[in-house]
Every structure is written in structure tokens, then in C-alpha cells.
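Peer 1: Residue strings, one per chain:
Protein chains: 2
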Amino acid sequence: MTSLPHFNVSFSSSPGSTNLMDTLEDLPPGIGQYDDFHTIDWLRDIARDRTRHRHIQKKRQESCFEKVKSAHDAWSGWVCVLFVGCAAGVCAAIIDIGTTWMSDLKEGICVDAFWLNREQCCWAANDTLLDQLTCSQWHSWPQLFGLPSDSGAGGYIISYLMYVACALACATLAVMLVRVFAPYACGSGIPEIKTILSGFIIRGYLGKWTLIIKSVCMMLAVSAGLSLGKEGPLVHVASCCGNIFSYLFPKYGKNEAKKREILSAASAAGVSVAFGAPIGGVLFSLEEVSYYFPLKTLWRSFFCALAAAFVLRSFNPFGNDHLVMFYIDYHNPWYLIELIPFILLGVLGGIWGAVFIKYNLKWCHYRKSSNLGKYPITEVLIVCLVTGIVAYPNPYTRMNASELIKVLVKQCGPEDDIALCDYQRNLTDVNEAFKSSPLGPGVVAAMWQLALALIFKMVITIFTFGIKVPAGLFIPSMAAGAIAGRMIGVGMEQLAFYHQDHHIFKEMCNEGHTCVTPGLYAMVGAAAALGGVTRMTVSLVVIMFELTGGLQYIVPLMAAVMTAKWVGDAFGREGIYDGHILLNGYPFLDSKEEFTHTTIAADVMRPRRNDPPLCVVTQDTYTVDDIEMVLRDTDHNGFPVVVSHESQYLVGFVLRRDLSIAVGNARKNQDGVVSNSVVYFSNHVPVNTVVGGPEPLKLRRILDMAPITITDQTPMETVVEMFRKLGLRQTLVTHNGRLLGIITKKDVLRHVAQMKNQDPDSILFN
Amino acid sequence: MTSLPHFNVSFSSSPGSTNLMDTLEDLPPGIGQYDDFHTIDWLRDIARDRTRHRHIQKKRQESCFEKVKSAHDAWSGWVCVLFVGCAAGVCAAIIDIGTTWMSDLKEGICVDAFWLNREQCCWAANDTLLDQLTCSQWHSWPQLFGLPSDSGAGGYIISYLMYVACALACATLAVMLVRVFAPYACGSGIPEIKTILSGFIIRGYLGKWTLIIKSVCMMLAVSAGLSLGKEGPLVHVASCCGNIFSYLFPKYGKNEAKKREILSAASAAGVSVAFGAPIGGVLFSLEEVSYYFPLKTLWRSFFCALAAAFVLRSFNPFGNDHLVMFYIDYHNPWYLIELIPFILLGVLGGIWGAVFIKYNLKWCHYRKSSNLGKYPITEVLIVCLVTGIVAYPNPYTRMNASELIKVLVKQCGPEDDIALCDYQRNLTDVNEAFKSSPLGPGVVAAMWQLALALIFKMVITIFTFGIKVPAGLFIPSMAAGAIAGRMIGVGMEQLAFYHQDHHIFKEMCNEGHTCVTPGLYAMVGAAAALGGVTRMTVSLVVIMFELTGGLQYIVPLMAAVMTAKWVGDAFGREGIYDGHILLNGYPFLDSKEEFTHTTIAADVMRPRRNDPPLCVVTQDTYTVDDIEMVLRDTDHNGFPVVVSHESQYLVGFVLRRDLSIAVGNARKNQDGVVSNSVVYFSNHVPVNTVVGGPEPLKLRRILDMAPITITDQTPMETVVEMFRKLGLRQTLVTHNGRLLGIITKKDVLRHVAQMKNQDPDSILFN
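Just so you know, the protein sequences line up as chains A and B, in that order.
According to full-length UniProt numbering, the first sequence is numbered sequentially starting from 1.
According to full-length UniProt numbering, the second sequence is numbered sequentially starting from 1.
Certain hints may be false.
Any copy, or any two copies together, can satisfy a pair, since identical chains are not distinguished.
Cross-link-like lysine-lysine pairs, in silico, DSSO-like; alpha carbons within 30 angstroms at most [to be verified]:
no., residue 1, residue 2
1, K746, K358
2, K725, K746
3, K592, K506
4, K592, K69
5, K374, K208
FYI, nobody ran anything at the bench for these hints, they're computed from the structure.
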């Protein structure tokens with residue numbers, strides 16, 4: 001057995017002395033970076049950042065400039081998230097304004113100033129008519145073609161054709177832009193961001209081209225009237241801002257683990273601007289997308305979301321001071337008995353979520369595996385054509401989905417003359433105006449239209465989510481839920497109205513307001529549907545009440561969302577985003593699911609029983625030539641360093657990238673290093689070697705002396721726990737001190753997939 | 001070197017086979033439990049739970065009864081938190097009702113039905129006079145003594161005396177009950193709950209006696225008019241419920257790590273019922289108290305908080321349908337310029353927080369180290385006497401602190417005739433009623449009284465928080481902040497009113513409402529003060545808008561709270577709870593603070609360089625006698641098992657408790673085990689030993705074959721990270737496979753304290 005002359009050397013290191021970590025800065029450039037589609041090593045990155053931090057702290061005493069640099073470093077996290085928040089706010093405002101303009105373009109144009117949307121056009125014209133959306137400056141397409149305004153079959157056909165044509169044009173432009181400039185800009189982006197945040201590198205996914213193309217195409221896709229939302233993609237856009245701004249601060253730009261802190265904050269800002277829900281955004285980041293979310297990131301996310309919401313508010317795109325998208329103006333109490341329909345909505349939401357996930361994944365899988373995937377443009381055009389043709393005749397599908405939700409969550413007041421509010425009311429009596437009344441013909445017709453709209457939206461969304469344009473899922477799901485909710489709400493209202501004297505409903509109807517508020521049901525339904533699809537809970541409830549201002553309806557919302565989650569989970573554990581991660585085979589180690597199998601590390605580690613032995617490097621016998629051969633013959637990302645081949649006692653771990661850079665560097669720049677120079681990973685370089693042979697190469701500095709090790713008997717549940725919580729890239733397996741094998745994140749992911757009876761080879765690596 | 005005949009034995013274990021963990025159930029009782037004031041081993045406890053879970057899953061096929069048992073087990077987490085939530089709701093309702101009654105008792109009594117509080121008394125009497133709080137049934141003390149109602153010096157003196165006397169009586173009773181029955185019932189309990197949740201055992205801290213005594217004494221202490229709140233202690237009460245109910249479910253009751261999941265949910269329920277803020281409660285649990293908070297716990301906490309809020313709402317203690325304690329009835333917009341006073345309030349809140357923390361800790365330290373600590377009853381009586389005497393003359397200190405906050409956050413409407421609303425208004429014109437107006441004499445007087453109240457509250461709270469009665473900090477801090485906020489708000493209002501035409505204020509005043517809403521400033525001030533004291537951020541903002549319903553004021557609240565946190569942190573990093581944890585020396589490894597020093601594991605591990613060698617056990621040479629000697633001579637909590645004394649290659653780790661139980665058990669129950677029986681921790685028991693000598697004792701089953709190990713070169717930042725994230729109790733330190741030493745959580749805490757220049761011996765252990 002090799003003697004260990006430097007056995008006690010470790011004790012010489014005392015607090016404050018220069019150790020391994022402090023010298024990393026002097027290493028050749030490139031060490032510590034990652035390749036594309038690689039997994040990051042959180043522990044190592046965090047350690048690198050602390051080294052950097054200590055270096056700055058130490059130099060602080062030297063000069064005034066260093067003091068400023070140190071202060072800048074200390075605040076750079078806050079400054080960076082401030083920038084990111086502001087940028088996200090500006091992007092969201094531009095996208096909001098652009099979307100409104102383009103959506104209005106489907107129906108008409110502002111003759112004098114084509115760059116104004118309908119509302120602005122009429123504001124500018126200053127001759128707003130009764131319904132505020134018709135004015136002399138705004139010409140609908142039939143008007144522009146010389147037909148009398150909207151009336152008659154000819155006008156209808158022209159409107160219809162122009163609507164479909166505009167939609168097709170927008171969709172074509174969107175899909176072409178995505179294909180040509182930024183293929184990563186399609187979809188919602190949330191599954192990929194989850195994967196990136198869990199410690200995976202996808203270069204270009206958060207780049208400036210993705211940002212620009214995604215922003216533009218989002219407006220186009222929404223304007224095309226497709227059944228998709230811009231809320232999910234806004235998270236992607238905000239994350240792009242986060243990535244871009246992080247390069248201004250080397251602390252974050254050059255350290256992948258630290259960069260993820262900024263990205264977590266950015267995704268909070270994304271939801272914050274998408275819904276005007278800063279707290280909801282923070283919780284969304286925490287519950288849904290983030291992987292590593294320490295309290296410091298919580299505070300920064302909060303600040304980032306605040307900045308974003310504030311900037312967006314300054315642009316005031318929602319047109320009221322509340323910063324609330326679907327503001328509800330009622331404060332009617334709800335009653336215990338109403339929990340039954342609320343929970344029913346939760347059940348429906350859960351079922352709808354499960355069905356949607358199942359068929360959407362099936363369709364996406366079919367797209368991937370068949371010829372359909374080769375014709376993305378055709379697919380988008382077909383979906384767009386079908387959507388346009390079917391949607392136009394029904395007012396509830398023709399209108400923008402956010403508009404629809406806004407209408408559905410409202411309560412019918414005396415001033416509302418839409419079909420949905422056509423109750424047989426005594427409008428002259430102010431006190432009667434809000435009371436429940438029998439249905440008028442308008443409401444009955446609206447119910448039929450809503451039912452058709454519901455079916456259409458449910459079907460088309462399955463085919464829409466996944467096409468190659470930016471497409472979010474929040475608004476379409478919420479719209480479907482809101483329709484179902486409103487219908488059940490109207491049903492409950494009539495039930496209560498016709499049985500006012502029944503003891504169940506007595507309490508509900510004996511006050512001066514409506515017995516049942518159908519708008520509340522729409523709100524609960526929207527939450528339940530979104531909960532079923534995404535399986536969010538707390539963040540969803542917070543987003544919902546930030547969206548609507550309905551703080552007093554927390555209990556109904558919570559009940560419905562929780563039920564939707566339970567019911568959905570009963571059909572299948574994963575939400576839509578996890579489903580897409582799995583479908584695309586991203587290497588994502590889910591921290592929600594518990595690993596409950598009885599396997600142990602020895603079952604998972606490589607080499608397997610009949611494999612050739614693990615490729616290791618010894619601490620003091622390998623020559624430069626040997627190392628280069630090892631690098632050439634294998635493609636492992638790192639090599640354990642052992643005392644000797646016979647004993648296999650573990651010394652440390654060296655990364656392939658670092659080793660190859662260091663050896664190449666030494667070959668080029670260090671005199672006397674030749675092919676048969678001995679490479680020393682130990683501190684102790686024997687004198688005789690130096691005298692007799694060629695110059696030795698000392699590589700202790702790139703050796704990780706503190707690799708995480710486990711024993712072969714460690715249960716895999718502990719191993720998975722360690723990979724999740726410590727963000728490991730690999731761990732070495734020992735038995736009684738001897739090296740037995742290695743487990744990489746890839747092995748863990750494969751094993752987890754295998755245990756779940758999934759195909760382990762479907763997971764995308766490198 | 002010892003040969004390793006069982007080197008490959010580990011490979012024989014395949015998925016699903018019975019391994020170490022699966023047999024733990026058959027071990028003698030007591031193994032796997034902890035002693036008082038010990039640290040728990042999360043990894044081990046979680047592994048134990050999964051073993052239990054697998055055991056149930058396996059037996060599920062056997063019979064219908066087992067199926068039911070399995071379903072019960074799967075749902076027991078949800079059922080348990082449901083019970084806990086309901087129990088917390090009931091406790092809170094009882095405490096609320098009791099507090100109101102006792103508080104009213106200070107001023108008078110219901111003659112016909114003494115068990116009714118003033119409001120109920122007048123409701124029952126049905127002859128409510130104009131201000132709803134005076135009726136024939138309710139007799140104030142002077143009335144009861146035959147004096148004409150309240151008027152005159154005599155009446156005033158009697159009221160005064162009765163007020164002070166009642167306060168003293170309540171306080172005495174409270175402190176006596178705490179001293180005699182449940183010494184753990186004093187204080188807010190949040191620092192201790194944080195410590196317990198971080199994995200420490202304090203037996204009895206969450207027991208039934210603590211629950212009962214704390215509930216009763218909370219009512220007494222609040223009724224005594226002391227400057228303390230019942231919101232913090234409610235978290236303790238809810239946690240007691242959590243602990244008690246967890247014993248109904250062995251899954252949680254018998255597993256300390258799992259129990260903490262219930263306790264996290266319970267603390268969310270505590271805040272939920274304290275403020276009627278379910279979402280705020282969940283976030284409080286996440287941000288402030290919990291240590292290990294996986295998403296499953298988030299969902300359960302959410303459900304628990306929901307159940308608690310729902311039950312409390314059924315009792316309706318806040319007397320309105322909104323479930324909102326300080327409901328605000330205004331929706332006035334705020335203006336950009338107002339951010340300046342809001343941020344100023346944040347700065348003041350931060351400064352006040354820092355000052356409060358500093359002097360309160362100093363005073364508490366003085367109490368601990370001087371004779372004062374020996375006379376807790378006297379201390380309480382003095383504080384109570386001073387509070388009573390000073391508080392009575394000033395209406396704003398005489399009233400309950402929650403009442404005060406409620407008054408301060410309100411806007412002055414036309415129907416308000418309190419001094420604070422005495423503006424020179426034209427009350428006949430409805431449109432004018434809410435407009436800003438010059439101050440009346442009432443407001444000026446109220447300002448002076450508020451200023452005095454502020455000073456008094458700030459001073460007395462420093463001395464009150466920490467006395468030996470249940471005492472929360474939320475309400476007193478918020479009251480102080482609300483007073484400061486209201487004063488600044490009134491100042492801003494007058495500034496804006498007198499400079500209405502100035503271009504800064506022009507926009508603010510030109511609409512139909514008041515220029516500035518002083519109530520909003522009070523709300524922001526309350527949040528800022530609480531933020532400065534506790535350093536909460538997101539959870540505080542959510543609690544604030546759940547408390548007030550002021551959803552549109554998120555940005556002002558966020559700005560003030562964030563500023564308060566920053567300013568507070570500039571003076572000292574820790575919040576009041578962390579300060580008290582440190583003061584009391586609880587072994588709490590803070591997950592918020594980063595460890596940034598350059599020490600390595602070799603610097604921290606035991607044995608130190610000149611210490612005697614580490615006490616180890618070999619795998620196959622120790623006799624029962626040797627083991628018993630080791631147990632007798634040392635007091636370590638566990639012993640590493642090595643291959644041999646010479647090689648020191650690590651085999652596993654055995655806990656003292658398990659070892660001593662197993663050996664004692666074998667001595668009693670196993671035939672042939674005598675003093676010189678060899679103890680085998682290895683799988684492989686040589687045949688010759690069995691034939692020649694006495695019966696060997698096989699203890700492989702209690703050996704932890706997968707202890708977490710690190711190398712001696714591991715930086716301490718990584719070690720601290722591992723202790724925090726994996727919840728370790730100890731880790732073994734190796735060098736090239738040989739065992740060098742051990743690092744326990746105690747060593748880590750000592751080292752962290754040392755690096756922060758604190759006295760490492762101040763930390764409480766065992």
C-alpha cells in the first residue's frame with residue numbers, strides 16, 4: 001500500500017489561510033464554465049462566488065476605488081433585479097399596447113392615425129359615442145370598403161373575411177419569425193425555464209433574439225385570435241431580461257448558480273407584469289418554477305416584482321388605477337351552502353386539467369413522432385384558420401379571452417345592457433337593480449353561446465398549446481373555467497331565486513342584494529380550471545385575488561383550487577409543465593415527488609457489476625501522456641483521483657474540462673513539461689522524481705479535494721435528496737474508504753425514470 | 001491491514017430486497033427516539049418514515065383491513081392538518097371571546113348576565129343607545145358604586161382605580177398560573193418554535209398544559225392592558241394543537257422530522273387565526289418560522305390555514321363578514337409623490353426596529369444575568385402598574401391596541417364624530433364630506449395625545465416583551481407604527497390641503513375625494529414598524545393586505561416594508577426572534593445568513609490536534625464488555641465503526657442510544673450472550689468464533705451503513721450548507737478513506753458563533 005507521507009498536511013491549514021478555493025482565480029480562463037446542455041454543480045459555483053466575495057472583501061482596505069467596487073458588489077444583486085424588473089415592466093407594457101392595437105386591426109382601423117388602437121383612436125377623435133367604442137375616426141372593415149356600418153349580410157361577410165385574413169396573416173408572420181430567427185421562442189417557455197433553473201444549461205434559450213422575437217410573435221399570436229395567452233410567455237420574456245442584465249454584473253453573469261437567483265426573481269417579475277400580481281409572481285416563482293429559492297432570493301424576487309409592477313403601472317395598460325386586470329366591483333358575502341358548487345367547480349377543474357394534460361401530451365407526442373412535426377407552419381395555419389372560422393360567429397369566442405373573463409367575472413348592474421345581464425328586472429327601482437330576477441331571453445341565448453364557446457375552447461386549446469408560436473396557457477384555461485363557472489353561477493342564481501323561501505336559500509336572499517353572484521362563480525371556476533391544469537395552489541389563489549381584488553373570497557378560491565389539485569392528482573401526478581418537461585426529456589429532477597423505492601447506491605452507480613472498472617487517475621503515477629490518453633479514450637466529465645490503482649482510496653475529483661485545459665496549458669506554457677512528465681495531484685512531490693526525470697506537473701490546484709462521497713449502502717432516497725438539495729453534479733461511492741464507483745445526475749435521473757416505468761433513454765443529455 | 005472478505009457483499013442487494021432499513025421495525029422499542037434537548041437527524045427520520053410507508057404498501061395486498069389502513073395512512077397528513085386547523089380556529093375563537101369579556105370587565109359589568117361582554121350585554125338588553133356601547137344593562141364601575149354615570153371627579157377616580165386594580169389582578173393571575181403550571185407558556189414562543197422546527201427537541205414546550213395555560217394567560221395578559229398582543233402566542237397555541245394532534249397519527253407522532261411538517265402547518269394556522277390572514281400565515285410559516293418547507297408542506301399549511309380561518313369565521317369574532325380585522329373602507333388612489341412619506345415611514349420603522357431590538361435584548365440580558373430574573377411576579381406587577389397608571393388618562397393608550405389600530409387606519413367619514421375626525425367640514429354637503437379640510441381643535445388635541453401614546457408605547461414595549469406572561473409583539477409594534485403613520489398622514493394631508501394649487505399636489509386634490517388618506521399612512525406605518533422589528537417582507541405585506549383588504553396599496557406597503565428591512569439590517573442583521581434565539585442560546589443554525597469564512601472541516605472536527613484520539617468501535621473485535629466500557633466511559637451520542645484500530649477505514653456509525661438499548665436487550669433476552677461475546681457489526685461472522693467462544697452478538701441491524709462523510713479539506717461553507725439542507729446531526733471526516741474525526745451540529749454551531757465573535761459557550765446544549 002502506498003504510504004501517505006502528507007497524511008497530516010491538512011491540519012496545517014488554519015482559518016484565513018490561502019487554501020484551494022482562494023487560488024482558483026489565477027487558473028487559466030475557462031475553468032469553472034460549462035458546456036451547452038450540461039448540468040451545473042451548485043456547490044462548486046457557490047463556493048466560487050464566496051471566494052470572489054472574500055477576494056473583494058480583502059482588497060477593500062487597499063484603496064477608495066476598491067471600497068466603491070466592494071459596495072457595488074454588495075448591492076449588485078439588488079441593482080440587477082431592479083433593472084430586470086424595470087425591463088420586464090417596459091417589455092410587458094410594449095407587448096400590451098402592441099397586442100391591443102393588432103387585435104383591433106382585425107376589426108377595423110383608425111383612418112387618420114393607423115398606429116392608434118380603437119380606444120385611443122376614439123379618445124383622440126373626441127367624439128365618442130354612447131358605447132365608447134364607436135366613433136367617426138374608427139372605421140370597421142365594411143365601412144372602409146364603402147358598405148354601411150356593419151349591417152347586412154355583405155358587411156358581415158367582409159368583417160368575417162377580414163377577421164380570418166388578419167388572423168392568418170398574423171399567425172403566418174409569427175410562425176415564420178420564430179422559425180427563422182429564434183426557434184427557442186415558441187411555446188410557453190415555462191417548462192424550459194424550470195429546467196434551466198434546476199441547473200441545466202441551454203445556451204441561447206434566454207438570449208436577446210429570443211427576447212425580441214418572442215415579444216413580437218406574442219403580440220402577433222394573440223392578435224391572431226388563437227386560443228392562447230401572453231401571460232406564460234411573459235415569464236420567458238422576463239427571464240430573458242434577467243439573463244441579459246445579469247451579464248452586466250460579472251458576479252451573476254459568470255456564475256451559473258448565482259445567475260439562477262436573478263432568473264428566479266425575473267420569473268416572479270414576469271408573472272407580476274402578466275397579471276399585475278407582484279405577490280402572486282413571487283409565489284409562482286417559489287411554488288412552480290424555482291428550484292433553489294433561499295430567503296435572499298425571496299426578498300429579491302419581491303423587489304423585482306415590485307419594480308416591474310410599478311413600471312407597468314406607470315404605463316397604466318389596464319386602464320384603471322387599481323393595477324387589477326379583472327377588477328370586481330362587488331363585495332357580496334358568500335354563504336356556506338355555496339361551498340358545494342365551489343367544490344363542484346374544483347372537481348370539474350381537476351377533471352378538465354387531467355383530460356387536457358392527457359390529450360395535449362398525446363397530441364404533442366404525435367407531433368414529435370410523426371410527419372406533422374415537419375410542417376409547423378402548415379399546422380399553425382390550419383389551427384388559426386379553424387379558430388378564426390369557428391370563433392367569429394360566436395361573440396364570446398370572437399372577443400379576446402381576457403375581455404371575455406373580464407365580462408364573466410362582473411356582476412350585472414343596472415347600467416349593463418349586454419345579453420349576459422338581460423334579466424327581467426325593474427330597472428326604475430334602484431334598490432331592485434342588484435336583486436336576483438328571472439332570466440330574460442338574452443341570458444338564455446348567452447348561456448347557449450357560452451356552452452358552445454366552452455366546448456370550442458376546450459377542444460381547440462388542446463391542439464393550440466404546443467404549436468410553434470409563443471403560446472401561454474393561463475388565459476385559455478381561465479377562460480374555459482370562467483365560462484363553466486358563470487353557467488353554474490347563473491344556474492345557482494335561478495335555483496335560489498325560484499326557491500327563495502326554502503330554508504336553504506332563505507338566508508341568502510333576504511338581504512338587499514342578489515341571492516347569488518354569478519361573477520364570483522366565474523372567478524372561482526377560472527381558478528379551478530387553471531389549478532387543474534397547472535396544479536398550482538397558494539400562488540394561484542394569490543394571483544386570483546390580486547387579479548380581481550376579491551380578497552374576501554379567499555376561502556371559496558382556496559377550496560376550489562385545493563379540490564382541483566386533489567382531483568387532478570388522482571388522475572396523474574404531474575401538471576402540464578412537468579408533463580412537457582417529461583415529454584421533451586429535459587433532465588429535471590423533480591423536487592415535488594418523493595422517491596420511495598428501496599434501491600441503494602450500489603444498484604445505481606457505474607460501473608455496473610460486469611462493466612470494465614471505473615476510469616480513475618492516480619495521485620502521483622500518471623504521466624502527461626497517460627492523462628491525455630485517458631482524456632482521448634473516454635468521454636466522462638470528470639475523473640476520481642485515487643491513492644493507487646491497488647488500494648483505490650479516494651483523494652479527490654478532477655473535472656475533464658479543467659484537466660484538459662490545465663494539461664494543454666502546461667504543454668504550451670510551462671517549460672520542461674513533456675509527455676512523460678509525472679502529474680502530481682498530491683501536495684508532496686518526491687525530490688528524486690524532480691532530479692531524475694522530466695519536470696513534474698503539479699495539478700493539485702484543479703483537484704477538488706472535497707468531493708461529496710457516499711457509501712455503497714446509502715439508500716437511493718438519501719442520494720436523490722442530496723442531489724436535489726445540494727445541487728450535486730456527481731457523487732462518488734465508497735465502501736470502507738475504497739472507491740467503488742460514481743453516480744452522476746444523469747444516472748439518478750435515469751434511475752428515477754426507470755423506477756417510474758418510464759423509458760430512461762428518453763431523457764435528453766448533452 | 002484487515003482483509004475485507006465481504007467487500008462485494010453490497011452488490012447482492014437488489015431493488016426490493018430487504019435491506020437494513022426494512023428491518024428497523026423489529027428492533028427493540030426506543031430505538032430511533034430522541035432525548036430532551038437533543039438534535040434530530042432528519043435524513044434518518046425521513047428514511048424511517050419511508051420504510052414505514054413501504055411496509056404498509058407491501059401489506060396492502062393482504063386484506064381489506066390493510067387497504068383501509070393504507071388509505072388512512074395516505075390521507076393522515078391531510079386529516080391531521082384539518083384537525084389542527086379546526087382546533088386552532090376554536091382556540092382562537094375562545095381566546096378572542098374571553099379577551100373581549102375580560103377587557104370590558106376593567107370598565108364595567110353586565111348586571112344581569114356577568115358572562116356577557118359589553119357588546120353582547122347591550123345586544124341582549126335590546127335598548128342600545130346612540131353609540132351602541134351604552135345601555136341600561138351595562139353598568140360601569142362608578143355606576144355600580146352608586147355614583148352618577150362616569151361624570152365628575154369621583155367617578156373618574158373610581159374608574160381609574162378599578163381599571164388599575166383589574167389590570168393588576170389579571171396580570172397577577174397570569175404570571176402565577178404560568179409559574180406554577182407551565183413555565184414554557186411565557187413569552188411569544190416564536191423563537192422557541194423556530195428552534196424546534198429547525199430540529200431540536202424541547203419536551204413539554206408544545207404540550208397540553210402549555211396550551212391550556214397559555215390560552216388562559218393570554219386572555220388575562222391582554223385584558224391587563226399590558227402593551228402586548230395575543231397574535232404571536234396564538235402561533236404557539238396553534239403549534240401546541242399541532243403537536244397534540246400529531247400523536248393521534250403515529251406517522252407523525254412517532255417521527256420527529258415528520259412531526260415538524262405538521263408543526264409548520266400549525267404555525268401557518270396560528271397566524272391565519274391571529275389576523276384572519278390564511279395566505280399571510282402560510283408565508284409567515286415559510287419566511288419566518290419554518291426550516292424545512294417542501295412543497296407538500298406548503299400545500300398542507302395552506303389547507304390548515306384555510307380550515308382554521310374557516311372555523312374562526314364561523315364564530316365570527318371580528319363581527320363582520322369580511323374576516324378582516326382592520327377592514328378599510330376606502331379605495332382612494334395613491335400618488336407617486338406619496339412614495340416619499342411612505343419610504344420615510346419605512347426608514348422610521350427600520351430605525352425603531354433596530355432600537356427596539358437593541359434595548360429589548362439588553363434589558364432581557366440584564367434580566368437573565370441580574371437578580372431581576374428571580375422576581376418575575378414582582379416585575380410583571382410593576383410593569384402592569386406603570387402601564388395601568390400611565391395608560392388610563394390617555395384615551396389612545398387606554399383603549400385596546402387592536403382597537404387603536406382599527407381607529408387609526410380608518411378614513412374620517414361624515415358619520416365619524418371622534419376627535420381624530422374633528423375637521424372643519426361642511427357636513428351638510430355629501431360631496432364635501434370626504435374632502436380634505438382644515439384641522440379642527442379635536443384633531444390637534446388628538447395629535448398631542450397620539451404623540452404621547454407613541455412615546456409611551458415605544459418605551460413600555462421594550463420592557464414588556466420578555467416578561468413572564470404570554471406576550472406577542474405584533475400588535476404593539478403595529479400600534480406604534482400606526483400612530484406614527486397617522487401623524488405623518490395628517491401632516492401630509494394639511495400640507496397638501498394648504499398647497500392645493502402647488503403643482504405637486506394639484507393632481508392629488510382635484511378629484512372628489514380627500515387629497516391624502518391619513519388612514520393609509522397609518523396602515524403603511526404599522527407595516528413598516530412590524531417589518532423593522534421582525535424583518536419580515538413578503539409575508540408581512542400579505543398579512544397587511546389580508547388584515548385591511550387594501551389590495552391596491554401593495555406598492556406602498558412593499559416599498560415601506562422593504563425599506564424598513566434594509567434600514568434595520570444596516571444596524572444589525574437579526575430580527576427580534578433571531579435576537580432572542582441568540583440571547584437564549586438555542587442551537588439554531590440560521591439558514592438566512594451565509595457562512596463566508598475560509599475554514600475547512602479539519603479546523604472544526606473533533607478530536608483537535610492534541611486531543612486524545614476519537615472514540616471508535618471496530619466492526620469485529622470488540623466484546624460486549626468493551627462496548628459497555630465505551631458506553632460507560634464516554635458520553636458521545638454515537639460511535640463510528642471502523643475496520644480496525646490500525647487502518648481506521650470507516651464502516652458505519654452507531655448511535656449511543658441504539659447501542660446501549662441493543663446490548664442491554666441482548667444481555668437480558670438473548671441466550672449465550674455474555675461479557676466476552678464478540679460484537680459483530682459486519683455481515684460476515686467467522687465460524688470459528690461461534691464454535692470456540694461464547695455466542696457472538698450481531699448488531700449489523702443497528703449500524704448505519706450510510707453515514708454522511710466529508711473529506712478533511714471540505715470548506716466549512718459546504719459543511720454548513722450540508723448541515724442546513726440535509727438536516728444532519730453529525731458528519732464523519734475522512735482523509736483518503738481513513739476516518740479522521742467527527743463534526744456534530746454542536747461543533748458547527750460553536751464554530752459559527754466563534755466566527756461571528758460571539759461566545760460559543762453561550763449556546764445551550766443537552
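Peer 1: Does each hint fit the structure? Answer for all of them.
Peer 2: Results for each hint:
1. K746 / K358: For K746 and K358, only the intra-copy Cα distance (27 angstroms) is at most 30 angstroms; the inter-copy one is 50 angstroms.
2. K725 / K746: Answer is both: 16 angstroms inside a copy and 22 angstroms across each meet the 30 angstroms cutoff.
3. K592 / K506: Result: close neither inside a copy nor across copies, 45 angstroms intra and 53 angstroms inter.
4. K592 / K69: Answer is between; shortest inter-copy Cα gap is 24 angstroms, intra-copy 40 angstroms.
5. K374 / K208: For K374 and K208, the Cα distance is within 30 angstroms only inside one copy (26 angstroms; across copies 67 angstroms).
The structure does not agree with numbered hint 3 stated previously, though it agrees with all others.
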